[in-house]
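Below, each chain spelled out in residue letters.
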Amino acid sequence: MSYFKKSPWLLHYDGSSCNGCDIEVLACLTPLYDIERFGIINTGNPKHADILLITGGVNEQNADIIKNLYDQMPDPKVVVAVGICATSGGVFAECYNILGGIDKVIPVDVYVMGCAARPEAIIDGVVKALSILEEKYTTMKQEKVA
Amino acid sequence: MEKAEEKRHTIVPFGPQHPVLPEPLHFDFVLEDEKVVDVIPSIGYIHRGLEILVQKREFTEYVYVAERICGICSFIHGMGYCEAIEEIMKISVPERAKYLRLIWSELSRVHSHLLWLGLAADAFGFENLFMQAWRARELVLDIIEETTGGRVIFGACKIGGVRKDITDESLKTMVTVIDGMYKDVRTICDVFLNDSSVKERLCGIGILSREDAYSLGAVGPMLRASGVSYDTRKLGYGAFGDIDFDIVTETAGDCYARCAVRVHEIFQSFHIIKQAISKIPGGPISVKVTGAPNGEAMVRYEQPRGEVIYYVKANGTKFLTRFRARTPTFANIPAMIQALKGCDFADVANIVLTIDPCISCTER
Numbered sequence: 002m003s004y005f006k007k008s009p010w011l012l013h014y015d016g017s018s019c020n021g022c023d024i025e026v027l028a029c030l031t032p033l034y035d036i037e038r039f040g041i042i043n044t045g046n047p048k049h050a051d052i053l054l055i056t057g058g059v060n061e062q063n064a065d066i067i068k069n070l071y072d073q074m075p076d077p078k079v080v081v082a083v084g085i086c087a088t089s090g091g092v093f094a095e096c097y098n099i100l101g102g103i104d105k106v107i108p109v110d111v112y113v114m115g116c117a118a119r120p121e122a123i124i125d126g127v128v129k130a131l132s133i134l135e136e137k138y139t140t141m142k143q144e145k146v147a
Numbered sequence: 043m044e045k046a047e048e049k050r051h052t053i054v055p056f057g058p059q060h061p062v063l064p065e066p067l068h069f070d071f072v073l074e075d076e077k078v079v080d081v082i083p084s085i086g087y088i089h090r091g092l093e094i095l096v097q098k099r100e101f102t103e104y105v106y107v108a109e110r111i112c113g114i115c116s117f118i119h120g121m122g123y124c125e126a127i128e129e130i131m132k133i134s135v136p137e138r139a140k141y142l143r144l145i146w147s148e149l150s151r152v153h154s155h156l157l158w159l160g161l162a163a164d165a166f167g168f169e170n171l172f173m174q175a176w177r178a179r180e181l182v183l184d185i186i187e188e189t190t191g192g193r194v195i196f197g198a199c200k201i202g203g204v205r206k207d208i209t210d211e212s213l214k215t216m217v218t219v220i221d222g223m224y225k226d227v228r229t230i231c232d233v234f235l236n237d238s239s240v241k242e243r244l245c246g247i248g249i250l251s252r253e254d255a256y257s258l259g260a261v262g263p264m265l266r267a268s269g270v271s272y273d274t275r276k277l278g279y280g281a282f283g284d285i286d287f288d289i290v291t292e293t294a295g296d297c298y299a300r301c302a303v304r305v306h307e308i309f310q311s312f313h314i315i316k317q318a319i320s321k322i323p324g325g326p327i328s329v330k331v332t333g334a335p336n337g338e339a340m341v342r343y344e345q346p347r348g349e350v351i352y353y354v355k356a357n358g359t360k361f362l363t364r365f366r367a368r369t370p371t372f373a374n375i376p377a378m379i380q381a382l383k384g385c386d387f388a389d390v391a392n393i394v395l396t397i398d399p400c401i402s403c404t405e406r
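Protein sequences, first through last, are from chains G and P.
FYI, the numbering for the first sequence is 2 to 147, going by this note's numbering.
FYI, the numbering for the second sequence is 43 to 406, going by this note's numbering.
Errors might be hidden in some of the hints.
[Stated by the list, open to error] SDA-like mimics (lysine to any residue), calculated; alpha carbons at most 25 Å apart, straight line:
1) K200/P <-> R119/G
2) K105/G <-> N236/P
3) K200/P <-> A94/G
4) K225/P <-> M74/G
5) K225/P <-> T31/G
6) K48/G <-> T139/G
7) K105/G <-> H60/P
8) K105/G <-> F71/P
9) K48/G <-> H68/P
10) K360/P <-> N98/G
11) K360/P <-> I133/G
12) K98/P <-> K48/G
13) K48/G <-> V62/P
14) K98/P <-> Q62/G
15) K360/P <-> G91/G
16) K68/G <-> K360/P
17) K225/P <-> P32/G
18) K48/G <-> G167/P
19) K200/P <-> G91/G
20) K360/P <-> Y97/G
21) K68/G <-> F56/P
22) K105/G <-> K355/P
23) K200/P <-> N336/P
24) K98/P <-> A122/G
25) K98/P <-> T139/G
26) K48/G <-> F71/P
27) K355/P <-> Y97/G
28) K355/P <-> E95/G
It is worth saying that the hints were derived from the structure and are not from the lab.
Small disclaimer: the values here were computed from a predicted structure and weren't measured.
Given the sequences, and given the hints that come with them, work out the whole structure.
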């Protein structure tokens with residue numbers, strides 16, 4: 002953790018979650034949990050983001066949007082799937098409009114468990130994502146040299 | 043002539059991924075210079091189709107799904123579903139369970155309103171106030187976590203009563219915590235109500251007249267801020283019949299009035315919780331449920347965002363035929379579009395937020 006120690010920015014997108022995980026993601030940004038101490042800022046612009054944080058499963062209508070957001074983010078990037086819905090569809094897995102977890106449309110690096118995922122778990126997931134981001138950055142650099 | 047008119051209009055898309063709203067909702071704003079002339083909403087980004095699950099899960103299990111209609115007002119969704127089934131099966135819930143349900147539903151109202159105050163502050167660009175409101179909200183979540191075990195999804199309600207009891211000691215601590223919060227929340231709310239820069243952003247913005255609010259079927263704080271005194275809690279469901287409170291109303295119908303209604307409701311909820319704690323009877327917290335429901339029921343409750351309607355139809359088996367929830371945000375969308383017409387584009391975020399949109403509720 003050297004390069005990304007400074008300020009990895011985060012993009013949050015609500016797939017089709019029940020809001021439970023979303024408000025916990027927001028709670029992470031506020032004084033009690035304060036994810037900003039890692040230099041993380043919640044940005045609204047995918048072109049500024051390093052981490053894509055997705056809550057909720059994929060449905061017919063938002064599959065393209067998730068793909069679009071992911072494609073707009075510059076490399077290296079990591080994806081964190083927050084909550085059981087983002088992992089596998091969870092309690093809604095049998096619903097007719099749910100295709101499944103986020104990994105149906107984009108590659109996921111870290112899965113955070115819980116329904117709703119607790120802020121501690123989300124922070125843990127994001128910190129794990131940071132080291133993956135660092136790894137990706139190093140490989141990218143090496144590939145460039147080679 | 044027509045062509046020239048079309049030319050002046052610009053269409054600006056808003057969402058589904060937008061910094062102001064954490065939830066996906068798409069609008070096309072038709073602008074004439076900076077003025078909004080028309081708004082075309084499109085929804086469906088978060089639709090899961092969970093109502094159909096009622097045919098795949100046993101009716102006792104479905105409480106968990108009902109709670110997950112929305113994570114912010116989760117408790118009342120679970121409670122509404124349970125009470126609809128109880129009405130069909132003619133189960134009388136023990137008094138203590140009714141009071142516990144009331145306490146948890148009011149706690150979730152406080153947490154939802156504080157959450158909204160924070161998001162509203164974020165929308166008009168007062169970041170510090172956003173952080174303060176959410177810091178205060180954590181105190182409510184602590185009470186909820188201590189009594190139910192969950193922070194946002196409680197899982198405390200079941201058909202026939204509640205799953206967990208609150209000890210008298212915990213109830214006493216709750217009163218102390220609420221008394222302690224009172225001053226803290228008052229300070230934050232005073233900024234919302236009295237700060238000149240906040241007033242600049244909210245007063246006279248997004249006006250919804252009394253007639254419009256009523257005829258467009260607005261509910262909850264949106265309706266009450268336009269001067270209509272209507273609160274489903276006054277129907278006296280659950281233990282609300284024994285509770286004494288006045289309906290909070292404002293007359294201006296603008297963003298400031300909607301903010302004021304919610305601020306006053308926070309203190310009203312504190313008052314209701316304390317009243318309920320002083321009146322709570324002893325006894326069992328649940329009754330045994332046997333058999334399966336047969337028939338149909340429709341119930342109405344007051345959520346933080348307004349009136350919610352649940353309809354349940356059962357056929358005598360373990361699986362229900364139909365479950366339907368008409369949620370408050372859905373009812374408020376026509377009124378919001380009315381309030382948006384003619385506003386400045388810079389005020390759009392404020393007006394959209396003052397209905398307290400909950401898209402997961404709306405689309406289920």
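Here's how the hints hold up against the structure:
Restraint check: the Cα-Cα separation between K200/P and R119/G comes to about 23 Å, which is no more than 25 Å; the hinted pair holds. With a C-alpha separation of about 49 Å, the suggested pair K105/G and N236/P falls outside the 25 Å cut-off, and the hint is violated. Our distance criterion of 25 Å between C-alpha atoms is met by K200/P and A94/G, whose separation comes to about 22 Å. For the given pair, K225/P sits about 44 Å from M74/G by alpha-carbon distance, which is inconsistent with the 25 Å threshold.
Under the criterion of a C-alpha separation no larger than 25 Å, the hint pairing K225/P with T31/G is consistent with the structure, at around 20 Å. For the hint linking K48/G to T139/G, the alpha-carbon distance of about 20 Å falls within 25 Å, and the restraint holds. The straight-line distance between the Cα atoms of K105/G and H60/P is roughly 23 Å, inside the 25 Å bound, and the hint therefore holds. Distance hint between K105/G and F71/P is unfulfilled; the C-alpha atoms sit about 32 Å from each other, more than 25 Å.
Annotation: proposed proximity of K48/G to H68/P holds, straight-line Cα distance about 20 Å (limit 25 Å). Our distance criterion of 25 Å between C-alpha atoms is met by K360/P and N98/G, whose separation comes to about 24 Å. Restraint check for K360/P and I133/G: not satisfied, since their Cα atoms lie roughly 47 Å apart, outside the 25 Å limit. Annotation: proposed proximity of K98/P to K48/G is violated, straight-line Cα distance about 42 Å (limit 25 Å).
Of the supplied pair hints, the one linking K48/G and V62/P holds, its CA atoms being roughly 17 Å apart against a limit of 25 Å. Straight-line distance between C-alpha atoms of K98/P and Q62/G comes to about 24 Å, which keeps the hinted pair within the 25 Å bound. For a cut-off of 25 Å, the pair hint linking K360/P to G91/G stands: about 22 Å separates their Cα positions. Using a Cα cut-off of 25 Å, the hinted pair K68/G and K360/P is violated, with the two alpha carbons roughly 40 Å apart.
Of the supplied pair hints, the one linking K225/P and P32/G holds, its CA atoms being roughly 19 Å apart against a limit of 25 Å. Simply put, K48/G and G167/P have alpha-carbon atoms about 22 Å apart, close enough for the 25 Å limit, and the pair holds. Pair hint K200/P plus G91/G holds up; C-alpha atoms about 21 Å apart against a cutoff of 25 Å. At roughly 21 Å between alpha-carbon atoms, K360/P and Y97/G fall within 25 Å of each other, so this suggested pair holds.
For the suggested pair K68/G and F56/P, the alpha carbons sit about 18 Å apart, so the restraint of at most 25 Å is met. The hinted pair formed by K105/G and K355/P fails the criterion: a straight-line CA distance of about 35 Å is larger than 25 Å. About 18 Å separates the Cα atoms of K200/P and N336/P, which keeps this hinted pair within 25 Å; it holds. Simply put, K98/P and A122/G have alpha-carbon atoms about 31 Å apart, too far for the 25 Å limit, and the pair is violated.
Restraint check for K98/P and T139/G: not satisfied, since their Cα atoms lie roughly 48 Å apart, outside the 25 Å limit. Of the pairs offered as hints, the one joining K48/G and F71/P holds, with about 24 Å between alpha carbons and a cut-off of 25 Å not exceeded. Restraint check: the Cα-Cα separation between K355/P and Y97/G comes to about 20 Å, which is no more than 25 Å; the hinted pair holds. For a cut-off of 25 Å, the pair hint linking K355/P to E95/G stands: about 21 Å separates their Cα positions.
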